[in-house]
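Q: All chains should be modelled from the sequences, with the hints used to inform the complete structure.
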Amino acid sequence: MATEWIMGLVGGVVIGIAVSLMLLWNGRVTGVSSIVYGVLVPIKGDIAWRWYFIVGLLLGGLSLQATAPELLTVELQTKAWIGSLAGILVGFGAMLGGGCTSGHGVCGVSRVSPRSIVATIVFMAAGMAAVVLLRKTGLLI
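Going by UniProt numbering, the sequence shown opens with residue 1, and the numbers climb by one from there.
Hints should not be assumed to be uniformly reliable.
Distance windows between CB atoms, simulated [unchecked claim]: (1) Gly127 x Ala80: 27 to 33 Å; (2) Ile6 x Pro114: 30 to 36 Å; (3) Val10 x Leu62: 19 to 25 Å; (4) Ile47 x Lys136: 42 to 48 Å; (5) Val55 x Ala86: 24 to 30 Å; (6) Ile6 x Gly83: 26 to 32 Å; (7) Ser110 x Thr67: 37 to 43 Å; (8) Gly45 x Arg135: 23 to 29 Å; (9) Val132 x Ser63: 32 to 38 Å; (10) Leu133 x Val55: 26 to 32 Å; (11) Ala80 x Ser20: 35 to 41 Å; (12) Pro114 x Asn26: 21 to 27 Å; (13) Thr78 x Ile121: 21 to 27 Å.
Hints in this document: simulated from the structure, not taken from any laboratory. The C-beta atom is built at its ideal place from N, Cα and C for all residues, glycine as well.
A: This is the structure we're talking about:
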């Protein structure tokens, strides 16, 4: 479809504006794994905004489901257990790397953080290697 790249561009601009406003208004990097971790292991006086952020993410998804459900229709190309295992590994990797793709890839790279640039290169390379491996073994189409 000819407009797919436009939707990606618009989405990227919206994400860029959102993380910039988070940094400007709150002085915080928008790293979703760190925000969720702060809810799971709360620090007094630093929890309300985290809940607002998470609820906002959920409400955004629900509003998209209500207004344009066709945009959320996906066909899984792998087994559920592989997706579950991948989610656990991503969570472990986010903790190991001191942040997630949103924190390092979107916010850290834009701030020219050497640590985030290295982390982004590593998780992109690991993701590509995982896809190649899973396709070679027949676990991913």
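Q: Now tell me if each hint is right for this structure.
A: Going through the hints against the structure:
1. The supplied range of 27 to 33 Å is broken by Gly127 and Ala80, whose beta-carbon atoms lie about 19 Å from each other.
2. Range check, Ile6 to Pro114: about 33 Å between beta-carbon atoms, so the 30 to 36 Å window is met.
3. For Val10 and Leu62, the hinted distance range of 19 to 25 Å is satisfied, since their beta carbons lie about 20 Å from each other.
4. Taking 42 to 48 Å as the suggested C-beta distance range, the pair Ile47 and Lys136 conforms, at roughly 44 Å.
5. In this structure the supplied range 24 to 30 Å holds for Val55 paired with Ala86, their Cβ-Cβ distance being about 25 Å.
6. Against the hinted window of 26 to 32 Å, the Cβ-Cβ separation of Ile6 and Gly83 comes to about 29 Å, which satisfies the hint.
7. With their beta carbons about 30 Å apart, Ser110 and Thr67 fall outside the hinted range of 37 to 43 Å.
8. Between Gly45 and Arg135 the Cβ separation comes to about 47 Å, which falls outside the hinted range of 23 to 29 Å.
9. The supplied range of 32 to 38 Å is met by Val132 and Ser63, whose beta-carbon atoms lie about 36 Å from each other.
10. Look at Leu133 against Val55: about 37 Å separates their beta carbons, and that is not inside 26 to 32 Å.
11. The hinted window of 35 to 41 Å between Ala80 and Ser20 holds, with their beta carbons roughly 36 Å apart.
12. In this structure, Pro114 and Asn26 meet the distance hint of 21 to 27 Å, their C-beta atoms being roughly 24 Å apart.
13. One distance hint, 21 to 27 Å for the beta-carbon pair Thr78 and Ile121, holds here, with the actual separation near 25 Å.
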